[in-house]
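Chains A and B supply the protein sequences, listed in that same order. Numbering-wise (our numbering), the first sequence opens with residue 1 and increments by one. Numbering-wise (our numbering), the second sequence opens with residue 1 and increments by one.
In case anyone wonders, no lab produced these hints; they're calculated from the structure. Each hint should be verified, as a subset may be incorrect.
With a straight-line Cα cutoff of 25 Å, these simulated SDA-like cross-link-like pairs (lysine to any residue) come out [claimed, not checked]:
#, chain 1, residue 1, chain 2, residue 2
1, B, Lys20, B, Ser57
2, A, Lys301, B, His243
3, A, Lys169, B, Thr305
4, B, Lys203, A, Glu309
5, A, Lys169, B, Lys129
6, A, Lys169, B, Glu124
7, B, Lys203, B, His243
8, A, Lys169, A, Lys301
9, A, Lys301, B, Lys348
10, A, Lys121, B, Gln317
11, A, Lys169, B, Lys323
12, A, Lys169, B, Ser57
13, B, Lys323, A, Lys121
14, A, Lys301, B, Gly174
15, B, Lys184, A, Ala168
16, B, Lys129, B, Leu100
17, B, Lys203, A, Lys121
18, A, Lys169, B, Gly162
19, B, Lys20, B, Pro237
20, B, Lys348, B, Thr305
Rough simulated footprint, nothing fancy, chain A against chain B, three-plus residues with beta-carbon under 8 Å [what the hints assert, rightly or not]:
#, stretch
21, 49-57
22, 128-135
23, 229-236
All residues carry an ideal CB built from backbone N, CA and C; glycine is no exception.
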Amino acid sequence: MAEVRLEQVEKRFGDVTAVTGIDLTIHDGEFVVLLGPTGAGKTTTLRLIAGLEKPDHGRVSIGGRDATPLSPMERNTAFVFQQYSLYPHLSVFDNLAFPLRSPARRVDEETIRHTVERVAKLLRIEQKLQNRATRLSGGEMQRVAIGRALVRSPSIYLMDEPLSSLDAKLRSELRLELKHIQQDLGATVLYVTHDQTEAMTMATRIGVLDHGRLVQIGSPREIYESPRNIYVATRLGMPSINLVPPSAFPAHPAPAGTRTIGARTEHVGIARANGGTHAKVEWIEHLGDQNHLHLAVGEHKLVTLVDPEVDLSVGDAIDIALRQPLYFGADGERIRG
Amino acid sequence: MAEIQVENLQKSFGDFAAVKDSNFVVENGEFFVLLGPSGCGKTTTLRMIAGLELPTSGRILLGGDDVTFKRAGERDIAFVFQLFALYPHMNVRKNIGFSLKCQGMPHAEINRRVEEAARILRIEHILDKSVSGLSGGDRQRVALGRAIVREPMCFLMDEPLGALDSEFRHLMCGELRGLHNRLKATTVYVTHDQVEAMSMADKIAVMNRGVIEQFGPPQEIYARPASMFVADFIGSPPMNFLHFHAGIARGAGETLLGDAVIRMPALHEDVAPRDLALGVRPEHIAFDDSSALRGSVYGSEYLGTTQIVTVNTPFGQVKARTKSTGEVRPGENVGLRLASSRLSLFDKQSGRAVRSALFEGAAHG
């Protein structure tokens with residue numbers, strides 16, 4: 001494993017700037033997740049590190065060495081794609097052994113067998129080694145695809161939405177497993193996704209991308225609790241952060257220049273109406289473990305989480321008090337209150 | 001608008017029983033969800049209500065009339081498929097009014113109804129646009145508009161949000177339920193997504209292998225699952241099961257899990273020694289160092305307001321949902337305190353819930 005560093009990396013495709021001014025260091029043993037919507041530059045960043053694209057500007061270094069001129073082979077990265085493209089005519093064992101049997105690597109069969117068995121055990125597919133790759137469930141196939149990366153000892157694992165084609169239940173299982181395997185191996189991982197839950201639950205640090213720029217990077221907690229601007233604030237949190245103008249809460253002392261108040265569930269205190277800022281309960285969405293409370297404050301709507309035990313009904317009047325919410329200026333940037 | 005009654009409904013395809021002896025009533029104005037995994041019979045049930053499939057036996061009543069063997073066209077219903085099936089060469093107005101035009105309705109009446117539907121759906125501004133340039137959400141609203149203009153007795157919807165990505169899907173759930181609150185039309189909605197079901201339904205029927213395992217309001221199904229299947233299918237993460245072997249007498253309000261005494265709702269039946277599973281929802285597990293029920297932290301998943309902590313115990317792996325303010329470390333040994341009054345007990349062989357005081361409040365749950 002190795003440290004990977006991007007310095008002022010830019011990549012254009014014709015008139016379209018895919019990524020620009022990217023400065024990012026992925027430390028040895030770190031699990032970094034790049035989060036952003038389609039077209040934010042996530043996959044391009046991975047491909048630039050793998051050597052599948054050449055930057056128009058800037059430098060990629062791997063293990064302290066300038067990798068910009070190196071071929072994908074020389075960079076020795078391992079790529080896991082969204083679509084698990086296994087060899088359908090081969091067994092699980094042979095699929096896993098395939099990268100090691102490359103003529104360029106010259107690994108003896110005994111070592112291959114050991115490595116494949118160790119990885120299969122790690123991924124809990126050791127009983128399936130003799131199965132044909134096509135005779136597996138979706139989750140097992142994706143594990144084999146991840147396993148093909150794990151049998152190697154690359155400089156870094158590059159993963160492009162590897163869980164997005166799986167159903168919700170399997171995705172949540174593999175999230176936890178993948179994080180565990182990464183910690184056990186001390187692996188360096190750069191993982192891209194548009195799924196905020198994957199980012200929050202697996203990352204050591206999350207990098208938030210917007211139109212090819214890295215807007216903020218930090219631990220999940222930092223990004224969630226202390227977003228740099230409105231864009232970052234809306235990337236994380238379910239339900240998503242409430243954005244309202246200060247006029248919705250005239251009694252709340254917002255700092256000068258505040259154009260938007262950002263209020264998450266943690267920032268919204270509610271109580272039975274007693275003369276404060278009035279809100280009306282419009283709808284209570286019961287999701288089992290938690291309820292989403294839909295509130296109307298004048299013409300503005302707010303959604304906040306409440307315990308299922310809270311005794312409220314549609315039409316009830318309540319008071320809202322904001323507790324240290326986030327403030328944003330006219331440019332969308334955060335104002336420290 | 002109307003009530004739908006389904007009585008002893010069965011459907012077999014050759015040897016395969018797709019729907020077995022189903023009974024339920026959808027009350028007038030209710031939003032009813034048929035929930036289950038693929039192949040459970042939910043879509044077959046919906047198609048029989050629509051008249052697209054004939055039952056092998058049983059009856060279907062629509063507004064009191066027996067429609068079991070009436071053709072689909074003779075039933076006053078609107079069927080909404082995946083909401084993207086629009087006529088690409090027509091504009092929004094023509095797409096919405098198409099079925100009325102086919103009925104030979106006067107032009108002025110069609111216009112009145114289309115504009116009324118557009119107002120309800122808040123899409124007046126796109127009526128004269130082509131459907132090909134619309135966003136996913138707007139296409140879906142147009143497809144709904146086509147059902148609304150017919151002013152049917154009820155709406156039948158088959159996974160209408162299936163093609164949307166998850167965050168947008170949740171937004172559309174809110175919109176669909178808001179629409180239902182305005183129209184108050186009897187609606188039967190089929191989905192495999194428990195979050196959709198929980199957030200929209202007045203009542204849910206959970207189906208598994210052609211059988212309705214449980215029928216009731218969402219909160220009741222969540223809090224008092226009738227079977228392990230339902231307990232596992234609803235909730236994210238689903239209900240945890242602690243596996244143990246014991247015999248417990250009727251009236252008992254506690255059991256032993258290893259050395260730990262676990263208090264639980266008093267049983268209403270005798271349980272002879274057998275394999276059992278104690279069911280506990282993630283939010284009903286708290287960390288308490290004084291508890292004798294112990295486990296080792298496998299991992300934690302930060303979710304902002306809350307976190308999910310996975311703990312390996314001698315009775316199986318459990319996931320706890322706690323406030324994200326307390327941090328835990330992998331490998332840490334922790335004590336678990338379970339919310340006694342909320343626990344379910346299941347007979348593992350049959351999968352059924354053991355009757356207990358938990359079910360006493362069920363009627364008004």
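Hint check results:
1. B:Lys20 x B:Ser57: 10 Å, holds
2. A:Lys301 x B:His243: With a Cα-Cα distance of about 44 Å, the restraint between Lys301 of chain A and His243 of chain B is violated, given a limit of 25 Å.
3. A:Lys169 x B:Thr305: Status holds; Cα separation ~21 Å.
4. B:Lys203 x A:Glu309: Given pair Lys203 of chain B, Glu309 of chain A holds - Cα atoms ~20 Å apart, limit 25 Å.
5. A:Lys169 x B:Lys129: 40 Å, violated
6. A:Lys169 x B:Glu124: 39 Å, violated
7. B:Lys203 x B:His243: 30 Å, violated
8. A:Lys169 x A:Lys301: With a Cα-Cα distance of about 31 Å, the restraint between Lys169 of chain A and Lys301 of chain A is violated, given a limit of 25 Å.
9. A:Lys301 x B:Lys348: 46 Å, violated
10. A:Lys121 x B:Gln317: With a Cα-Cα distance of about 19 Å, the restraint between Lys121 of chain A and Gln317 of chain B holds, given a limit of 25 Å.
11. A:Lys169 x B:Lys323: Measuring from Cα to Cα gives roughly 22 Å; hence the hint holds.
12. A:Lys169 x B:Ser57: 35 Å, violated
13. B:Lys323 x A:Lys121: Roughly 34 Å between the alpha carbons, so the hint for Lys323 of chain B and Lys121 of chain A is violated.
14. A:Lys301 x B:Gly174: 13 Å, holds
15. B:Lys184 x A:Ala168: Measuring from Cα to Cα gives roughly 32 Å; hence the hint is violated.
16. B:Lys129 x B:Leu100: 19 Å, holds
17. B:Lys203 x A:Lys121: 44 Å, violated
18. A:Lys169 x B:Gly162: 16 Å, holds
19. B:Lys20 x B:Pro237: 29 Å, violated
20. B:Lys348 x B:Thr305: 34 Å, violated
21. 49-57: violated (count 0)
22. 128-135: Check failed, 0 qualifying residues.
23. 229-236: This one holds; 3 residues, not fewer than the three required, reach chain A with a Cβ under 8 Å.
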